[in-house]
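Colleague: These protein sequences, in sequence, are chains A and B. Quick note on numbering: the UniProt record's numbering labels position 22 of the first sequence as 22, and the sequence is numbered without any gaps. Quick note on numbering: the UniProt record's numbering labels position 478 of the second sequence as 478, and the sequence is numbered without any gaps.
These are computed hints drawn from the structure, not numbers from a lab. Wrong hints could be hidden among the right ones.
[What the hints assert, rightly or not] Distance condition first, Cα-Cα at most 25 Å in a straight line; then the derived PhoX-like pairs of lysine-lysine:
1) LYS51/B - LYS13/B
2) LYS136/A - LYS13/B
3) LYS108/A - LYS199/B
4) LYS811/B - LYS867/B
5) LYS108/A - LYS205/B
6) LYS315/B - LYS136/A
7) LYS108/A - LYS208/B
8) LYS199/B - LYS197/A
9) LYS56/A - LYS208/B
10) LYS19/A - LYS811/B
11) LYS105/A - LYS177/A
12) LYS237/B - LYS199/B
13) LYS177/A - LYS205/B
14) LYS208/B - LYS105/A
[Claimed, not checked] Which residues of chain B face chain A? A partial, calculated answer using Cβ under 10 Å:
15) GLN37
16) ILE180
17) ASN214
18) GLU274
19) ASP534
20) GLU575
[To be verified] If you anchor each label on the Cβ, the simulated ranges turn out as follows:
21) TRP20/A - ASN837/B: 42 to 50 Å
22) THR504/B - LYS108/A: 51 to 59 Å
23) LYS205/B - HIS206/A: 41 to 49 Å
Just so we're clear, the structure is a prediction, and the values are computed from it rather than from any experiment. Where is the CB? At the ideal position from N, CA and C, for every residue including glycine.
So the chains spell out like this:
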Amino acid sequence: MAAGMASAAERAVLEEEFKWLLQEEVHAVLKQLQDILKEASHRFALSVGGSEAVVKQENFMLGTSSTDQVKGVLTLQGDALCQADINMKMPRNNQLLHFAFREDKQWKLQQIQDARNHVNQAIYLLTNRDVDYQFKTGSEVLKLMDAVMLQLTRARNRLTTPATLTLPEIASSGLTKMFTPALPSDILVNFYINLNKLCLTVYQLHALQPNSTKHFRPAGGSILHNPGAMFEFGSQRYEVSHVHKVECVVPWLNDALVFFTVSLQLCQQLKDKGWLEIPVLREVLGPANSASTSAPVCQCARGGTKGAFHQWKSELGFTEDLCVFWLLELQAILVSLGKSALNSPTTTSLLLLGRTP
Amino acid sequence: MKISMQAVALWGKRAPSHSITAIMVTEDQQTIVTGSQEGQICLWNLSSELKISSREILFGHTASVTCLAKARDFEKQPYVVSATENGEMCVWNVTSGQCIEKAKLPYRHTAIYYYHCSFRMTGDGWLLCCGEYQDVLIIDAKTLAVLHTLISTQSSDWINCMCIVHSTRIQEDSLVAVSITGDLKVWDLSSSVSSIQEKQSVYEKESKSLDCTNCQTIRFCTYTERLLLVVFSYCWKVYDYCDFSLLCTEFSQRGQCFAGGEVLAAYRLIIWTEDGHSYIYQLLNSGLSKSIYPTDGKVLKETVYPHLLCSTDVKEYKSFPFIMGFMNERKEPFYKILFAGEASGRITIWHIPDVPVSTLDGSPKEIPVAAAWTLQDSFDKHQSMSEGIIDHLCASKDGTASAAVISSVYIPNLDKLVCGCEDGKIFITLALHAAKARLLENISLLKHTLPHKILKGHSCSVTCLLYPYSKSVRFDPSWLVSGGQDSCVIWWDIFTEEILHQFTLQAGPVMNLLLSPECYQLKDHRIVCSVCSDHSVALLHLQERICLLHARKHLFPVKMIKFHPVENLLVVGCEDDSVYIWEIETGTLERHETGEMAKAILTSFEDSHCLVMDSILPVSQDSQRHKNAAYKSSSSYKLGALSCNLPHAEKSSDKVTGTIHVRWPFTILPVKTNWNNISFHVLLFDLEKLVELLLSSQLNGLKSSNSFHSYDTLKRAKSTAEKRTLTLKRNKTSGCLSPMDEQINTIFTNQVHRDNNTARSLEESGGIKRQKKLKSSKKIRMQPSGKIDANITTDTAKLLLSCLLPWGVDKELDNLCVRYLDILRLQCPVSFGLVSNENHISLMLPGWNSTRGVLEEHTLINLVSRKVLDLSNRYITAAQGQIEKKNGLENDVEGTQISQTIFSLLRKVALVNTIADMPFELTNGIDSSQKLEFVRNRWRNTEAFSPSFHSFYGESPNYKSGSRFPDSGNISLVKLISCWRDQSVKIIETIQAVLLAEVQRSMKTLKKTSVISQPVTMIENGNGEIHTLPKIEQTEQTELQYIKNISLATPVSVVKQDSCSNSANFQEAEDMPDRCVLEESESPDEMKSHPWMSKVCSCKVC
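Working from the sequences, and respecting the hints, build out all of it.
Modeller: Spelled out as structure tokens, the structure:
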């Protein structure tokens, strides 16, 4: 217990430090966070307020290698695929099939839309805690961080985990009706995002005869079904004979994912700054009872507060082997960002980080 | 599995944290409902003078509550639906606190509206939901199953907010919604009811971009039936509902974000902000054009402009964000209320005048706050109710305010409660005694003599405790492991109070302590796994006193720890879905994986059941682990996956904990809350179990022993256990005889009790054997699990009765209870709990009784509501006829002992609980006789544990007379009670009413008889002879006869002796040799005549 008796002077210092942590340090980190998230949000190229500002269209070539049976050109506009041009070589007769989106149709990529919405929610959570806002308690910060992290985790998970669909679900989705010329009945198409890649899968089917001796077992939900998977759709049974999967990296999705990871770590580090000890001292006990919080612990908490940036660096150095992947990615982004971006505090700090190892 | 649990909450001085994320006022303006980030829902009383007081807190959700809404026509059924971040939905009855329905869907809702179209719809109506998914979901209000979706064809996106437009002019209910990108959409509701029921696609009728994002609220003006108010975060706009033309726009002041608004009256609006301001505007027509049917939108646009009339503000310290709402009632007794909830947990309400006016000089008038309240205010106001279970222990030491309990653990087999305090002390005390000392009046004596120990070792607060033996018998029962904020893990011997070892981790506060799984490699090792706040995991080898591995590289909080037994690997799953694999022997990080690979690794380990813990970590959710088990898949929930199945391991863990609780009639459940780390305790009384135990003691004619057994259980246990081993050995060799003493009966209690749980005890015996093995090398330090002291049972029953009785209704009655039932008055009202199912419990908060007048508060101590008195009177009149019929039987009750009265009272309580708890469906459709049959069967099922007991019933007049249920006379009472239930009388009210009536009745008779003579015992033995014996002198004899009866009539009981031979009563066993030996000595004739018996004896014990 002797160690637990903090002197009045020490208490005063601690109080002072806690105030500083709440008023200065938190805002600094929040600013950083906001900048990163804004950067991420820009990647999703949202036309704000539906002001008809034309969202940039990007073309992606899928299936570039000569061995690919399926080749496609997809045009992505924000969260929607507005054009798709698919060429397919039938394996049996080398016949070339071609189909494209109808002019009046576009396909929403739900994953991108959700990820974008989640990021914007996270930004919205941060906006009304600008510099003017005074945090009073540590738990307030923790709660905010929890809420932000929840949105960010969801945004990231939305991109990293495509929906697991059953074949009848794919067959009944509106996607099959979007093409001109209409898709042959023995072909199914599915688009999804997996991490930073835009994926197109084409399933070739063959109808199972009703009197077929084959043991029919419908396949469950999956991201990618294998040849041999069976299903029943519209009272007809099918079996997947060929599966073609082609994909292509969407650079800005990659950026967004890196930003998510970085901001999640920032949040966690802010959370880890020993809030739990100090609130006990401030919020609940009041001055009279606070002596129970021991010096070593406060020391520990203090260690976390001094120079968040320092700590960040050292921690990153410490986990160097784990972070190599995204550090490299970061550098690539910084190069692509050009000069203007380098001036913003976020990117500078990111740059610094990138150079530490 | 429905458990008839009676719960009583013992709060601490500090209220659990409750950061409000959702708030609503019920339509009767008597209840405020708030949902919190911690996942709990609070019910607050709102008095007619607009005073707020806390009433109940509802546990059940495992994640932050996102929205609340009414779930039925409120006048008929007071139901409210809540939804959370992780997709859980619950329907609660806000008058009783019961969870009516629960579901878990892969959708996160942000707003829910109840819709019922009486002339087109059957059933209970729909919940229209929007949230983090495209468009609008329709969920059945009764089953919580997704019925259908409303689809939008154009720019389909998340819906931010919506409202139901119901207008007599338009003759069509519509749903107006605004998407996250600012597109306004309108769906027809009433005309699409049939197509929704037939699952046809329903598309929006209209879609229009509003050119503004972050829409917060949309409201239709029912007064003008024309205006549409749309509040965005930076501006609010008024549209004409006829053609969606813009009528006016008002931007927010710098830095302010609008959060919502409501229409007060025709052309009068109230708008509120995130920082707790609200503004009341009058929309003024400029007079240029008052035409209702404007030809040009632009002309009209100029005719409306807002004029600020009034404003409200919160002056004191604010915490973001404010969640506000407005309740508009035009009927007389109701008010126009503006209400706000804050992250700090404070509720503020304003009374908005019917006609708000600005000040004389035209400047806006400030409307004062009508009331503000927090949970902590309630706790401070009702200090006696919010005293913690061991507060008096700490306080008595040095007179200063007691340190809060941070962590605690209940040891059921020792009936000990271990509490870790904020100041580093660990208190060990007798659980039941502590509860009694806390709850009952006039036992300051008990408080001082309350046996307790203090373990001093931590320098600051004790954050977690682990009693390894309760989880795995590999560990010694004397061990306790504690973790502190000082980053120390201390290994204690709780009997000798010494520190066996202290591990210093230097990794921040210890957040959690877990046990290693039982797998081959680690079998002989006693390893404890500790998780620290720097997300490191340490494996501590207790006996070798070393830290095997300290895995420190985790960047995110640890979510899962698994062991790979073959390769000796530690697999750590973090909250960011990454996985770290550590080699235990070398302490090196072997692999770090993220994404798909990580998931694959974790699922591959799922099969080897080495699951140590799940998502429930300090910050994530409160540690009601066994309650939340069914929900634990929450963290693994992904939006992408449409189906969410519970991992098997979790289910099984739920079961395991379930059985632990069923076995004990009395349990203390420590609950830890989020954020402020405060723990409180819930006392759980298992009614059925208690009745069953009391019954067994009744059968043995056990006289109730006095309620304080203030010996030191532990030391006693130790010594008796040692002796027992000795006597056992002796018996094996010589089979010596020992004189019988009066304590036999308690042994028999155990025995009979064991009969009752044949299945259970069989399970246990396995455990005991294993335990035996372990103990063969060591001293036996304690009684094995599975036995319950008869004294504890009686004490528990008395405590429960004390808690349930409405004290202070009748002074005389109180005194009679104290005198003849030997129960004590309560020192303050009790916070009751209502267990809806394994996962949902509601607990009353301090101040639940404060709606009553001041005068009453002084006299009435524990009356749930005024209704109870009324109900109790009705019960008495209903029972009147019956009393006469039963008169002959009543005599028996009068004559018998206190314990029997207690027993019969408890049986009534358990019965009432059973009836009142029955689901509606079972009783609604069927006629009353069937209903009764059902009740009876159910009752029998719970009563009739083994055939041997059935045969015994016939010979036991005590049983017949005292409490056989339901006799034909009781039918009317059962009817009455189930009728109350249908009128949604709370279970606790019913119980209190019945108890009060029963006590009044039995006390009246007791008073009469007790004056005349000393209590006598009427016992009829198996041969039909009647002995009326002076109680005290003759008990031994009667007991003896009973023992004989049992040994003759119930073969099972003797067989059972073996399995419980270990589990001798530790207090009496000291003077008691083995009971088999005893039986031989006492009843040799019987033994001979029953060869099976001697066989059993010879092969297993003798």
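Colleague: Give a verdict on every hint.
Modeller: Structure-based check of each hint:
In summary, the hint linking LYS51/B to LYS13/B is supported, as the alpha carbons are separated by about 22 Å, within the 25 Å threshold. A threshold of 25 Å between alpha carbons decides the hint, and for LYS136/A with LYS13/B the separation of about 22 Å falls inside it, so the pair holds. About 23 Å separates the Cα atoms of LYS108/A and LYS199/B, which keeps this hinted pair within 25 Å; it holds. With a CA separation close to 19 Å, the supplied pair LYS811/B and LYS867/B stays within the 25 Å bound.
For the proposed pair LYS108/A and LYS205/B, the alpha carbon gap of about 21 Å is at most 25 Å, so the pair holds. About 15 Å separates the Cα atoms of LYS315/B and LYS136/A, which keeps this hinted pair within 25 Å; it holds. For the given pair, LYS108/A sits about 19 Å from LYS208/B by alpha-carbon distance, which is consistent with the 25 Å threshold. Between LYS199/B and LYS197/A the CA atoms are separated by roughly 35 Å; this puts the pair beyond 25 Å, and the hint is violated.
A C-alpha spacing of about 23 Å is found between LYS56/A and LYS208/B, which places the hinted pair at or below 25 Å, so the restraint holds. Among the hinted pairs, LYS19/A with LYS811/B is inconsistent with the structure: their alpha-carbon atoms are about 56 Å apart, more than 25 Å. For a cut-off of 25 Å, the pair hint linking LYS105/A to LYS177/A stands: about 10 Å separates their Cα positions. The suggested pairing of LYS237/B with LYS199/B is violated, with an alpha-carbon distance near 35 Å, which exceeds 25 Å.
Proposed proximity of LYS177/A and LYS205/B is supported: the alpha carbons are some 23 Å apart, at most 25 Å. Using a Cα cut-off of 25 Å, the hinted pair LYS208/B and LYS105/A holds, with the two alpha carbons roughly 19 Å apart. Among the interface hints, the one on GLN37/B holds; its C-beta lies about 6 Å from the nearest C-beta in chain A, closer than the 10 Å criterion. Taking 10 Å as the C-beta contact cut-off toward chain A, the hint placing ILE180/B at the interface holds, the least distance being around 6 Å.
The interface hint given for ASN214/B holds, since its Cβ lies 7 Å from the closest Cβ of chain A, which is under the 10 Å cut-off. The beta carbon of GLU274/B comes within 6 Å of a beta carbon in chain A, closer than 10 Å, and the hint placing it at the interface holds. Annotation: interface hint on ASP534/B holds; nearest CB of chain A at approximately 7 Å, less than 10 Å. Hint status for GLU575/B: holds, given a least beta-carbon distance of 8 Å to chain A, under 10 Å.
In this structure the supplied range 42 to 50 Å holds for TRP20/A paired with ASN837/B, their Cβ-Cβ distance being about 48 Å. Between THR504/B and LYS108/A the C-beta distance comes to about 56 Å, which sits within the given range of 51 to 59 Å. Between LYS205/B and HIS206/A the beta carbons are some 43 Å apart, a value that agrees with the proposed interval 41 to 49 Å.
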